[in-house]
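4 protein chains.
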Amino acid sequence: MTSEAAETQTFMAEFLRPRMIRFSDCDPAGIVFYPQYFVMLNGLVEDWVSEGLGIDYHALISERRIGLPTVRLEADFRAVSRMGDKVTLGLAVERLGSRSLTLVLRCFDPASGELRMQVKQVLVTTSLESHRAVEIPQDMRAAILRGATPSRA
Amino acid sequence: MTSEAAETQTFMAEFLRPRMIRFSDCDPAGIVFYPQYFVMLNGLVEDWVSEGLGIDYHALISERRIGLPTVRLEADFRAVSRMGDKVTLGLAVERLGSRSLTLVLRCFDPASGELRMQVKQVLVTTSLESHRAVEIPQDMRAAILRGATPSRA
Amino acid sequence: MTSEAAETQTFMAEFLRPRMIRFSDCDPAGIVFYPQYFVMLNGLVEDWVSEGLGIDYHALISERRIGLPTVRLEADFRAVSRMGDKVTLGLAVERLGSRSLTLVLRCFDPASGELRMQVKQVLVTTSLESHRAVEIPQDMRAAILRGATPSRA
Amino acid sequence: MTSEAAETQTFMAEFLRPRMIRFSDCDPAGIVFYPQYFVMLNGLVEDWVSEGLGIDYHALISERRIGLPTVRLEADFRAVSRMGDKVTLGLAVERLGSRSLTLVLRCFDPASGELRMQVKQVLVTTSLESHRAVEIPQDMRAAILRGATPSRA
Numbered sequence: 697m698t699s700e701a702a703e704t705q706t707f708m709a710e711f712l713r714p715r716m717i718r719f720s721d722c723d724p725a726g727i728v729f730y731p732q733y734f735v736m737l738n739g740l741v742e743d744w745v746s747e748g749l750g751i752d753y754h755a756l757i758s759e760r761r762i763g764l765p766t767v768r769l770e771a772d773f774r775a776v777s778r779m780g781d782k783v784t785l786g787l788a789v790e791r792l793g794s795r796s797l798t799l800v801l802r803c804f805d806p807a808s809g810e811l812r813m814q815v816k817q818v819l820v821t822t823s824l825e826s827h828r829a830v831e832i833p834q835d836m837r838a839a840i841l842r843g844a845t846p847s848r849a
Numbered sequence: 697m698t699s700e701a702a703e704t705q706t707f708m709a710e711f712l713r714p715r716m717i718r719f720s721d722c723d724p725a726g727i728v729f730y731p732q733y734f735v736m737l738n739g740l741v742e743d744w745v746s747e748g749l750g751i752d753y754h755a756l757i758s759e760r761r762i763g764l765p766t767v768r769l770e771a772d773f774r775a776v777s778r779m780g781d782k783v784t785l786g787l788a789v790e791r792l793g794s795r796s797l798t799l800v801l802r803c804f805d806p807a808s809g810e811l812r813m814q815v816k817q818v819l820v821t822t823s824l825e826s827h828r829a830v831e832i833p834q835d836m837r838a839a840i841l842r843g844a845t846p847s848r849a
Numbered sequence: 697m698t699s700e701a702a703e704t705q706t707f708m709a710e711f712l713r714p715r716m717i718r719f720s721d722c723d724p725a726g727i728v729f730y731p732q733y734f735v736m737l738n739g740l741v742e743d744w745v746s747e748g749l750g751i752d753y754h755a756l757i758s759e760r761r762i763g764l765p766t767v768r769l770e771a772d773f774r775a776v777s778r779m780g781d782k783v784t785l786g787l788a789v790e791r792l793g794s795r796s797l798t799l800v801l802r803c804f805d806p807a808s809g810e811l812r813m814q815v816k817q818v819l820v821t822t823s824l825e826s827h828r829a830v831e832i833p834q835d836m837r838a839a840i841l842r843g844a845t846p847s848r849a
Numbered sequence: 697m698t699s700e701a702a703e704t705q706t707f708m709a710e711f712l713r714p715r716m717i718r719f720s721d722c723d724p725a726g727i728v729f730y731p732q733y734f735v736m737l738n739g740l741v742e743d744w745v746s747e748g749l750g751i752d753y754h755a756l757i758s759e760r761r762i763g764l765p766t767v768r769l770e771a772d773f774r775a776v777s778r779m780g781d782k783v784t785l786g787l788a789v790e791r792l793g794s795r796s797l798t799l800v801l802r803c804f805d806p807a808s809g810e811l812r813m814q815v816k817q818v819l820v821t822t823s824l825e826s827h828r829a830v831e832i833p834q835d836m837r838a839a840i841l842r843g844a845t846p847s848r849a
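Chains as they are written, first to last, in my numbering: chain A, 697 to 849; chain B, 697 to 849; chain C, 697 to 849; chain D, 697 to 849.
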């Protein structure tokens with residue numbers, strides 16, 4: 697088995713966080729205004745970097761000047777979320793490249809398991825000076841690999 | 697030529713609106729916070745329904761109780777937009793179904809033509825009472841078809 | 697001592713919640729975009745009603761059709777909050793009227809005690825059908841009075 | 697008449713811009729979510745600096761590194777604004793200090809003249825490096841004074 701194939705198989709753990717749907721997340725139809733899901737999931741990426749990977753997200757941006765812009769996303773919205781709903785947000789790494797990574801992010805009802813929405817998102821590590829892609833920092837790559845549970849082990 | 701094929705070919709005109717990138721659209725990296733593109737494009741859909749199709753968008757929601765939720769989107773982010781940039785937002789209908797339609801929405805620099813981001817988005821017409829799909833209202837369908845420029849004419 | 701004077705003296709307890717300043721709260725200057733403080737504090741009011749008073753905030757809005765719009769606010773911004781800051785949000789009731797209440801809301805650094813911003817805000821209970829003021833619901837009034845710690849007791 | 701008294705009297709002209717209330721401005725009660733008024737009015741300040749004063753607002757922030765944070769505001773909300781409403785936003789200078797200025801900002805219905813909300817807001821010019829107050833830039837001060845219509849002339 698090549699190491700590349702191994703990498704693909706090992707990103708199994710999902711990083712989870714609870715979130716309540718707030719008044720300010722909802723639109724005049726009384727349900728989550730869909731751009732607000734991306735704001736929530738951006739917060740999940742922050743928490744994952746800081747707490748899941750143990751890397752200071754805010755120092756990454758403001759001191760190390762590394763950004764994590766999204767270059768592509770595919771989202772499916774399956775069921776509505778209403779004000780007051782207690783949902784779970786989940787993040788899994790699907791692919792780890794040299795300058796980009798693919799995440800699968802989702803929002804679901806933890807009681808019923810009902811999927812509300814899911815997004816596959818490609819993020820690139822960039823220099824915030826040039827807005828050009830740079831290598832994923834070594835500490836971030838190592839933490840992602842460490843967090844991975846080898847499926848064959 | 698079948699009428700279905702004809703429909704597919706005719707949605708050629710792009711609805712365009714200028715937009716300035718504001719301070720409140722941008723993040724600590726000084727560029728558009730990507731969920732904000734979806735807020736901008738939601739405004740473009742509003743303007744297209746109201747001005748392009750001649751249908752009162754707000755009455756559609758609050759009186760006729762028809763919603764236009766997004767069920768799927770695929771977005772590509774190609775270049776950053778910065779505070780103060782004067783961009784153009786564009787909307788084209790790619791597909792008109794019975795209860796859904798597919799739009800291609802984009803943000804570009806009108807001076808250079810540089811594409812900043814583009815999204816293909818599937819919207820469904822729903823009852824805001826049941827949040828279930830309903831037929832696209834006849835006046836809306838007629839306006840979309842009327843607005844279309846037959847490529848073969 | 698009249699009961700009105702007593703009411704004025706007794707709203708002493710402050711409802712507190714931690715909050716991290718997120719990337720999406722901040723502007724191109726790297727600090728909290730000030731309207732975002734009001735979004736955060738609106739969330740605090742939600743939590744206070746639900747958890748502090750034990751009244752389902754979302755049912756209040758969507759089922760009982762009672763709104764809590766702000767009719768007046770005075771805010772002072774004393775020090776900046778930056779991305780990643782772990783702040784505390786606090787809420788205290790300053791005045792309980794028949795159809796309105798005055799809250800003092802603030803954001804501070806729990807480590808140093810530094811006040812970031814403070815707002816005195818008058819909220820009115822309204823019917824969401826007519827958008828007119830109505831009496832504060834009895835269960836809400838009772839919970840506010842119960843939560844109060846009489847300063848003279 | 698002292699020059700200070702003269703300054704006080706002369707800031708008469710109101711800078712006006714139309715704005716439509718959008719779906720994304722509104723909350724589950726179907727009316728403007730009040731923090732969103734501050735986002736709209738922040739955009740008005742941008743337009744006033746750029747178009748009213750003829751000073752590039754975005755260069756002020758990103759190149760000259762001068763910020764315009766709000767240090768105090770008092771807002772009154774008088775009537776609700778609903779999705780689809782065509783309102784006018786207005787800005788007037790009430791006071792011009794050495795490092796701060798006081799603006800009166802309002803949102804009204806241009807058809808009936810009904811005031812929706814009004815805010816008196818104190819802004820400080822700061823260095824975005826130190827977040828400390830600095831003198832109002834000379835070109836900005838000159839433009840404000842030039843724009844003023846002396847009431848006695």
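Please keep in mind that the hints were generated in silico from the structure rather than gathered at the bench.
Accuracy of the hints is not assured; some may be wrong.
[To be verified] Partial list, computed: chain B residues near chain D (C-beta under 10 Å):
1. 714
2. 719
3. 741
4. 753
5. 776
6. 779
7. 834
8. 836
9. 837
Each residue gets a CB set at the ideal place from its N, CA and C atoms; glycine is no exception.
Verification of the supplied hints:
1. Here the hint on residue 714 of chain B is broken, as its CB sits about 14 Å from the closest CB of chain D, past 10 Å.
2. Interface hint at residue 719 of chain B: satisfied, since its Cβ lies 6 Å from the closest Cβ of chain D, which is below the 10 Å cut-off.
3. Interface restraint check: residue 741 of chain B against chain D, minimum CB-CB distance 9 Å, threshold 10 Å, status holds.
4. This hint holds: residue 753 of chain B has a C-beta 7 Å from the nearest C-beta of chain D, less than the 10 Å allowed.
5. Taking 10 Å as the C-beta contact cut-off toward chain D, the hint placing residue 776 of chain B at the interface is violated, the least distance being around 13 Å.
6. Given the 10 Å rule on beta carbons, the hint for residue 779 of chain B holds: about 5 Å separates it from the nearest Cβ of chain D.
7. Because the smallest distance between the Cβ of residue 834 of chain B and any Cβ of chain D comes to about 22 Å, over 10 Å, the interface hint for this residue is violated.
8. Against a cut-off of 10 Å between C-beta atoms, the interface hint on residue 836 of chain B is violated, since the closest Cβ of chain D lies about 16 Å away.
9. Given the 10 Å rule on beta carbons, the hint for residue 837 of chain B is violated: about 21 Å separates it from the nearest Cβ of chain D.
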